[in-house]
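Read top to bottom, the protein sequences are chains A and B. Read in order, the letters of the first sequence are residues 1 to 268 in our numbering. Read in order, the letters of the second sequence are residues 1 to 268 in our numbering.
These aren't lab readings, by the way, just hints derived from the structure by calculation. Hints may be right or wrong, so weigh each one.
Pairs involving identical chains hold if they fit within one copy or between any two copies, as the list cannot separate such chains.
With a Cα cut of at most 27 Å, we get these calculated DSS-like pairs of lysine-lysine [as the list claims (entries may be wrong)]: (1) Lys167 with Lys245; (2) Lys232 with Lys167; (3) Lys111 with Lys167; (4) Lys197 with Lys167; (5) Lys197 with Lys160; (6) Lys257 with Lys232; (7) Lys197 with Lys111; (8) Lys197 with Lys139; (9) Lys110 with Lys139; (10) Lys245 with Lys139; (11) Lys245 with Lys177; (12) Lys217 with Lys87; (13) Lys90 with Lys222.
Number of protein chains: 2
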Amino acid sequence: MSNEQAIGVFDSGIGGMTVVRALLQDLPHENIVYFGDTARVPYGPKSPQVVREYALQDTEILLQHNVKMIVVACNTVSAVALDVVQKRAKIPVIGVILPGAEAAVQISRKKRIGVIGTVGTIASNAYTTAIHHIDASVKVFGQPCPLFVPLAEEGWIDHKATELIAKEYLFPLTLEKIDTLVLGCTHYPLLLSTIAKAIPSGVTMIDSGKATAAVVKQLLEKEGLKNDSTLKPNLQFFVSDLPHKFAEVGERFLGTKLGRVQRVTVNG
Amino acid sequence: MSNEQAIGVFDSGIGGMTVVRALLQDLPHENIVYFGDTARVPYGPKSPQVVREYALQDTEILLQHNVKMIVVACNTVSAVALDVVQKRAKIPVIGVILPGAEAAVQISRKKRIGVIGTVGTIASNAYTTAIHHIDASVKVFGQPCPLFVPLAEEGWIDHKATELIAKEYLFPLTLEKIDTLVLGCTHYPLLLSTIAKAIPSGVTMIDSGKATAAVVKQLLEKEGLKNDSTLKPNLQFFVSDLPHKFAEVGERFLGTKLGRVQRVTVNG
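Turn these sequences into a full structure, and let the hints guide you.
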């Protein structure tokens, strides 16, 4: 294992790029290989069985690039398939659920935490389990928001219709008097300002991607795997469909050109 | 070939059930085998290359059930992959584009036709090409409505947010003074009342699924393939993921119980 090897990151599509942005902020010299399964996005409404099959195929693609660790930048996969990725990869694997749960427990004073995510993530109860593992006295309130992913993908970031949908989704959580809200889907940071309008101003939002980047940094330092280079990192992007669209939208996510995005075929 | 053999119908997911409903109305004694690729839905935002791969795999599943003809109940596949299905199937294949185009040309007086559909369907220009093949003097105005599929799938059928989104999508078509609007996606009939509110009252809406059922009936009669049985037909439903959700939503589509919905694995 060499420190110059890349961090592998995968997601069902473009959402994981919010995690890449956070990684580049915390670890500006790490090489990164990203795979987005844009041919089969979204994973959120799919069954755990299918998500586990796809997660294994995504893992294979990153392993082909000889990565030193894997970041599962997809809440749905982190919720229902982290074990299959860990078992296959035999290198360090970090999902986004545990870091998000830890950050939320640290911040919440009232011990009332809301979690929003895809149908798959919320149905899995993965955040509730993770939070209770840290502090069993915390009350956790989950709310699936299935339209947020297509709204973010289509760029309806700051629109009256999106506001109405956000208000309807988040209203039950406001009734529960939460003081902390976990954005349990990597797409949701894109809708930050619209989500903020739908919740009371005192509620703190937790971006799981940012929390995950901090944990990745700790792990690399602890394992002696941090890249000591001071050069500009090598970023490589692979998708299973529509590389041009990914390059265009990804540029908005990162605020920088992505270079060539390559299409790879997944098994299916 | 026997008349008792089923009509095969496939779609990217649940949307094709509006075509099944129309088929059952026009041809109440035909056996039907339906496949919905719910593991990989939606097809609309995917590249033609990927849609063609998936269409071929969907075709294989229907052929295993020894169907007498295939109805491609998905506008995106009909727009970009009908040729690959026809080439592989070697039995009659009918897509939804040509029947919808024919119905629209017959009805439009002002020869100004709007077409709404997925990004893939509209980008393909398949409706424009089909309409111009019938009457080159017709003006055709296409408009992609990518959020309509998730809104329909999630049941936001009659909601203020859906109205706002519909108005924004359809406004450019109202400026073009269309008198006919083709619902170029099998999901859209579910949003009929909301779409109707977003267009002037004089505009006639064409449901491609209904137009397709009429063409299927003609074809079966012409080829001597119509099922002469007067028994209740045998309906079989297969999906690539979430059979229970399909059974539940499908019941709403058909207004009748679906019986057992079986999960099959597609190549991938």
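27 Å Cα cut-off: does Lys197 pair with Lys167 within a copy, between copies, both or neither?
For Lys197 and Lys167, both the intra-copy (8 Å) and inter-copy (23 Å) Cα distances are at most 27 Å.
Alpha-carbon proximity context of Lys197 and Lys111, limit 27 Å
within (22 Å within a copy, 45 Å between copies)
Within, between, both or neither: Lys167, Lys245 at alpha-carbon 27 Å:
Only across copies: Lys167 and Lys245 sit 26 Å apart there, 30 Å inside one copy, limit 27 Å.
If the cut is 27 Å between Cα atoms, do Lys197 and Lys160 qualify within a copy, between copies, both or neither?
both (11 Å within a copy, 18 Å between copies)
Under a CA distance limit of 27 Å, which applies to Lys245 and Lys139: within one copy, between copies, both, or neither?
neither (40 Å within a copy, 29 Å between copies)
Up to 27 Å between alpha-carbons, please classify Lys197 paired with Lys139: within, between, both or neither.
Within. Shortest intra-copy distance 23 Å satisfies the 27 Å Cα cut-off; inter-copy 43 Å does not.
Classify it for me, Lys111 with Lys167: is the Cα-Cα distance of at most 27 Å met within a copy, between copies, both or neither?
Result: close within a single copy only, 23 Å intra versus 42 Å inter.
Please work out whether the CA atoms of Lys110 and Lys139 approach to 27 Å or closer within one copy, between two copies, in both situations, or in neither?
within (9 Å within a copy, 61 Å between copies)
Status of Lys222 relative to Lys90 across identical chains (alpha carbons, at most 27 Å)
within (17 Å within a copy, 62 Å between copies)
State whether the alpha carbon distance between Lys232 and Lys167 is at most 27 Å within one copy, between copies, both, or neither.
For Lys232 and Lys167, neither the intra-copy (42 Å) nor the inter-copy (46 Å) Cα distance is at most 27 Å.
Is it within, between, both or neither when you check Lys245 against Lys177 at 27 Å Cα-Cα?
For Lys245 and Lys177, neither the intra-copy (40 Å) nor the inter-copy (32 Å) Cα distance is at most 27 Å.
Is it within a copy, between copies, both, or neither that the alpha carbon of Lys217 lies no farther than 27 Å from that of Lys87?
Within one copy, since 22 Å is at most 27 Å while 53 Å is not.
In summary, the numbered hints that this structure violates are 2, 10 and 11.
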